[in-house]
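Residues per chain, in single letters:
2 protein chains.
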Amino acid sequence: MTMEKGISSVEVLPSKSSQVTAVKVVVKEPETKQTQRGKRVGFVLVHAGAGYHSESKAKEYKHVCKRACQKAIEKLQAGALATDAVTAALIELEDSPFTNAGLGSNLNLLGEIECDASIMDGKSLNFGAVGALSGIKNPVSVANRLLCEGQKGKLSAGRIPPCFLVGEGAYRWAVDHGIPACPPGIMATRFSLAAFKRNKRKLELAEKVETDLIQLKKRRQSNEKGSRVLCRACGRFPVVVGKGGGEIELFSLENDSGTLDTVGAVVVDQEGNVAAAVSSGGLALKHPGRVGQAALYGCGCWAENTGAHNPYSTAVSTSGCGEHLVRTILARECSCALQTEDAHQALLETMQNKFIGSPFLANEDGVLGGVIVLRSCRCSAEPESSQEKPTLLVEFLWSHTTESMCVGYMSAQDGKAKTHISRLPPGAVAGQSVAIEGGVCRLESPESS
Amino acid sequence: MTMEKGISSVEVLPSKSSQVTAVKVVVKEPETKQTQRGKRVGFVLVHAGAGYHSESKAKEYKHVCKRACQKAIEKLQAGALATDAVTAALIELEDSPFTNAGLGSNLNLLGEIECDASIMDGKSLNFGAVGALSGIKNPVSVANRLLCEGQKGKLSAGRIPPCFLVGEGAYRWAVDHGIPACPPGIMATRFSLAAFKRNKRKLELAEKVETDLIQLKKRRQSNEKGSRVLCRACGRFPVVVGKGGGEIELFSLENDSGTLDTVGAVVVDQEGNVAAAVSSGGLALKHPGRVGQAALYGCGCWAENTGAHNPYSTAVSTSGCGEHLVRTILARECSCALQTEDAHQALLETMQNKFIGSPFLANEDGVLGGVIVLRSCRCSAEPESSQEKPTLLVEFLWSHTTESMCVGYMSAQDGKAKTHISRLPPGAVAGQSVAIEGGVCRLESPESS
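If you're matching them up, the sequences are chains Z and U in order.
Here the first sequence is numbered in the numbering used here, starting from 1 and rising by one per residue.
Here the second sequence is numbered in the numbering used here, starting from 1 and rising by one per residue.
There's no promise every hint is true.
Identical copies look the same in the list; a pair holds intra-copy or inter-copy alike.
To be verified - Calculated pairs, SDA-like style, for lysine to any residue (alpha carbon to alpha carbon, straight line, at most 20 Å):
id : residue 1 : residue 2
1  : Lys354    : Cys336
2  : Lys354    : Gln339
3  : Lys354    : Gly111
4  : Lys59     : Lys418
5  : Lys354    : Val440
6  : Lys152    : Pro359
7  : Lys137    : Pro180
8  : Lys152    : Val209
9  : Lys208    : Cys377
10 : Lys208    : Gly153
11 : Lys57     : Leu193
12 : Lys152    : Ser54
Hints in this document: simulated from the structure, not taken from any laboratory.
The task is simple: from the sequences and hints, build the whole structure.
Quick look at the structure:
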């Protein structure tokens, strides 16, 4: 793949004086490269969370994205379903101690790990999800298994198979279906345990100095938007607490190693079938039992093959502040928008009008999230080409309102994955600005098909 | 209130040869009736589940709907928020042993009760939900408390308050917030325990005669739609199992006393603020940890006040097969549709095209669900009236694809609630036909306001 920088523009949102940055990256297959005979084709785009990715750990984030892409492509090359390919990518992302999903997830208030994950199949439109799941190393595997079991039809005595299981029940279902339980203590890493201890200390300090009166004042303040400066380190607002007239500043909690939330992937296989998945450890020090967007239909991921009303197959995976992504049903919103002609413009408008400018988030200080999307359609080969083989045109984009977002992408025709840390430009305010980038990739059908 | 039967028509859906029945009921305030000075006004519409309501228990269903309406109106008259009024209605519905919500809910595979509930406030657009919650008598109270706490802004140390809690964590949160725990054994009634025992026997029988080969065959059959006749008793399909070449018919499980799922209510207060709520015990013999539409954003309920893009305030509550309501995000879909001019036509088309005809349910034998909706807008008093007071025009509708749906409605200006069991007309097939009815109500502002 070669990359060409395309347009770059800065616009201003009238409603919130938001700065919008749009950078389009065009990615094309080298013309000399021939598809290998009989080799399956497809494309994968992954992300390791929208939030803040420090330069010091950039290498690690990119490396896990690269491995995740490779795992998905290996599956596609072996003839696996798009859902199995996307699951393979997610497992790699979950297994990294640097991401807030699976191993190394944020710990909740009680020091436990509870994960959310979901997956959607664009062909069958089936969905599988788990919420607040403990004791399983790869939550996405359970979500995928729920999807698979759901596709088999009704259970004995006409019972409808579940598509969404939570907590202890989800754990029991997973183990009953042969997914191994993870011994206690394996899921937390030294990074996540250290972050938990620091967060607990911050929370204790905050609660110590907050009298009932100040608590009330603080809550009122937090409902007055735009008056404070976002913490660049974590994309959150500093908490101002006071005692005896004096005020101290206490920065908000760390979420994982700076990333806000969630990992995910979107895949298209050679038949144009799409799949999407998402997985998250949730917010640091969340209340036990809290379920975020990664488990929720329409919010964490969306995949929908082309159909009577859809000229394009679309797949979306979201990341960021769960509550913001839930209240805007962002994954499905992006998928719907992508049915219009200009994918880049459609996604930009969705992030501006349906996310940052959403009336459902009107009281929020900043709206923090990111998405990866792809859409594909069949088309004939390029006019100058002598080949008559049908081609799958894949447009892929990522967009975020957070400080940064780490992505990786790869086609089955490539030897290796590309990775990239997308950042808001200098001066742009996280939570109020949108960065958008992406590319285009043409996938030729294998000669044997 | 007086009721006038309006239009009645039968149409045919081209895609599935579905019969569609539309009955419009016009409800007007008697002209001689004057609003009491200083008395708050508002309107409530409730339902006791879409499914099958036997004639023998019709009185009980109607009675609980009537009481639920009265509770909501009492709250509105006392100046309560729309969310508190809708919660009061739900508590009454949950407390009835005849509904599948709260007390008397369906038991899961392990003989436990796990409830889902959610509430949405049209003014703040905030949402609160619980899933797979045990040990709390009124799950809707926890959902409402989550909504209220969420409206207070951030928690200590900048933590985002949860809007959706599940399982043990939800129970702990409720108890920590002063909601009393319910002693074990209180929630199950002799009806629900007897139904559980009958269902367990049916399940054991089904599993006894199902060999792996027949299981596979049955699952394939269940994916071939339209080939079997729906059970009129429960709105489900009979399960055909076989052993040694012979085939026996085993009817699907009972869900509660014939109702499929879920109770709910929608409310508008005198300022035109809307709220919606929903509560469910879920499917009989569901897997522990299974969460259905009643807990899910956009699926179980929706409420949205009038705004820049919404000429109408809308509130929706759904009932029926959770998986069908989730995959169509039906509550939000109805709310969006209700922004067009003709509410009756908009709801009918939504039920036809976005529910029965949804590509997301293309593999289902029958699509089972129901909705109650209301929409309101401010308008001047009727031209012939000498009064100049602004009036709130409330249009309310119910629609279902199930055999029947029990509803009740009441305005604060009425002395008592009206109740009604809506049924599909003779010959209409549950899961493939839509019944729709509704009315219009004008609410005058109190003279003191």
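Hint check:
no.: 1; hint: Lys354 / Cys336; verdict: both (12 Å within a copy, 14 Å between copies)
no.: 2; hint: Lys354 / Gln339; verdict: both (16 Å within a copy, 17 Å between copies)
no.: 3; hint: Lys354 / Gly111; verdict: neither (35 Å within a copy, 43 Å between copies)
no.: 4; hint: Lys59 / Lys418; verdict: within (13 Å within a copy, 67 Å between copies)
no.: 5; hint: Lys354 / Val440; verdict: neither (24 Å within a copy, 32 Å between copies)
no.: 6; hint: Lys152 / Pro359; verdict: between (40 Å within a copy, 18 Å between copies)
no.: 7; hint: Lys137 / Pro180; verdict: within (8 Å within a copy, 35 Å between copies)
no.: 8; hint: Lys152 / Val209; verdict: between (56 Å within a copy, 19 Å between copies)
no.: 9; hint: Lys208 / Cys377; verdict: neither (57 Å within a copy, 48 Å between copies)
no.: 10; hint: Lys208 / Gly153; verdict: between (54 Å within a copy, 19 Å between copies)
no.: 11; hint: Lys57 / Leu193; verdict: within (18 Å within a copy, 57 Å between copies)
no.: 12; hint: Lys152 / Ser54; verdict: neither (44 Å within a copy, 33 Å between copies)
Of the hints listed earlier, those the structure fails to meet are numbers 3, 5, 9, 12, in rising order.
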